[in-house]
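Turn these sequences into a full structure, and let the hints steer you where they fit.
Numbering (the numbering used here), first residue to last: 98 to 504.
Among the clues, some could well be false.
[Said to hold, decoys possible] Below 25 Å or equal to it, Euclidean Cα-Cα: the simulated PhoX-like pairs (lysine-lysine) are:
| hint | residue 1 | residue 2 |
| --- | --- | --- |
| 1 | K314 | K344 |
| 2 | K495 | K455 |
| 3 | K495 | K461 |
| 4 | K455 | K232 |
| 5 | K232 | K262 |
| 6 | K433 | K372 |
| 7 | K262 | K460 |
| 8 | K344 | K372 |
| 9 | K433 | K460 |
| 10 | K460 | K495 |
| 11 | K262 | K455 |
| 12 | K232 | K193 |
[Claimed, not checked] Computed Cβ-Cβ distance ranges for the label pairs, DEER-style:
| hint | residue 1 | residue 2 | range |
| --- | --- | --- | --- |
| 13 | A248 | E437 | 23 to 29 Å |
| 14 | N149 | T395 | 43 to 49 Å |
| 15 | T238 | L286 | 34 to 40 Å |
| 16 | V340 | E166 | 46 to 52 Å |
| 17 | R472 | D308 | 44 to 50 Å |
| 18 | E437 | R334 | 20 to 26 Å |
| 19 | A398 | Y99 | 33 to 39 Å |
| 20 | K314 | D156 | 37 to 43 Å |
| 21 | G217 | D308 | 21 to 27 Å |
I should point out that these hints are in silico values taken from the structure, not numbers from a laboratory.
Nothing here was measured: the structure is a model prediction, and the numbers come from that model.
No residue lacks a Cβ here, since even glycine has one placed at the ideal position from N, Cα and C.
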Amino acid sequence: MYYERSLQDVWLEASRQFPVLLLTGPRQVGKTTFLQHLCGTDRTYVTLDDPNARALAADDPGLFLSRFEPPLLIDEIQYAPGLLPYIKMAVDSQHKTGQFWLTGSQQFLAMKGVSESLAGRVGILQMLGFSTAEKRRQDLTLPPFLPTLTALASRLRHARRTSLKSLYQDLWMGRYPAILSGTNRNRELYYSSYVQTYLQRDVRDLTQVGDQIAYSKFIVACAARTGQLLNLSEIARDVGISVPTAKNWLSILQASFQIHLLQPYSTNVTKRLIKTPKLYFLDTGLCSYLTEWSSPGTLEAGAMSEAIFETYVFTEILKSYWHRGRQPACFYYRDKDGREIDLLLEQDGTLYPIEIKKTTLPKKEAIQAFSALGRLRPNVGAGAVICMTERMFPLDEKNTALPVNIL
98 MYYERSLQDV WLEASRQFPV LLLTGPRQVG KTTFLQHLCG TDRTYVTLDD PNARALAADD
158 PGLFLSRFEP PLLIDEIQYA PGLLPYIKMA VDSQHKTGQF WLTGSQQFLA MKGVSESLAG
218 RVGILQMLGF STAEKRRQDL TLPPFLPTLT ALASRLRHAR RTSLKSLYQD LWMGRYPAIL
278 SGTNRNRELY YSSYVQTYLQ RDVRDLTQVG DQIAYSKFIV ACAARTGQLL NLSEIARDVG
338 ISVPTAKNWL SILQASFQIH LLQPYSTNVT KRLIKTPKLY FLDTGLCSYL TEWSSPGTLE
398 AGAMSEAIFE TYVFTEILKS YWHRGRQPAC FYYRDKDGRE IDLLLEQDGT LYPIEIKKTT
458 LPKKEAIQAF SALGRLRPNV GAGAVICMTE RMFPLDEKNT ALPVNIL
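Structure representation (structure tokens):
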């Protein structure tokens, strides 16, 4: 069963503009399935997970491209960075768009080679697990999320009422296609296999991690802190490693698209802003598995309930941009006076503040910190509190409570 992805029309349009396209994202989110669906029989497919293809690409990239002629889909390009200069020569000689489609599951290696070899010739797009719209097979051309009445109108038309129980069932299961499509019905086995594969392949390929047991503990320690300010010293102490090692291992989690570090909003107007990033896991199901919540009910009632809810909202907003080929300018706000805003979206010089609360009836106190933005930026747009309310309602003349199902 194939699920359409929001990125489809964006990808095809980009393929008409660039000779090379690169799709990045974590393993098993459907990158290959998506591209194979789009190319049908018109494009040759080769995966560098195949040891023979990988050896040929590494040892004789010229022969590789002679054997596999474009239009070509190459899976896991990070395994053969030596191919990239030859791809550059091929596209420069042919002057055709859409010749090479590439995928990569390791951000830093793939991006480093691409930026050095294919500058100006490649379009780069990101994909995560299913968004809510993709999971429900709703309108996949919705614009990226903004809390303005105009932007929300189309989302409200497609919003479906959701209960607390069904929402946490969704968060506990996660958004990997194999689970949602029913290909893998055993959640525990799927995630344990995913983690083991991740340790044996991505971690091994990205860097030499001498102690995989300690690294496994490090992943769990990060998962337990999703939605929190990053404190590497605390994580290092809990795992029993040095801070430099923790910093290195954190970069591995970023490189393999397991986490996202949300940077704080900064300005020259004030120096009283917190400068530590906020850590988010990019799939709530994997995060819940790593932190050993045995059921949706225990997750909803447990100590991580609010953090998982916030993680879900953040990742859905991120997908609304990435899956439409956009890079969001997003931050969080926190100053030394303790005022905090969960998420800031910036567009066309305007800041849009967003609070995330697991409540059915947010109070005006939830938006008090929004007033702090006035002294930093003259243009502050509509704000929102995304919560468990059943319907949208105003909190004041500028800010609105939004149901989580609007995402």
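If any of the earlier hints don't hold here, list their numbers in rising order.
-> 12, 21
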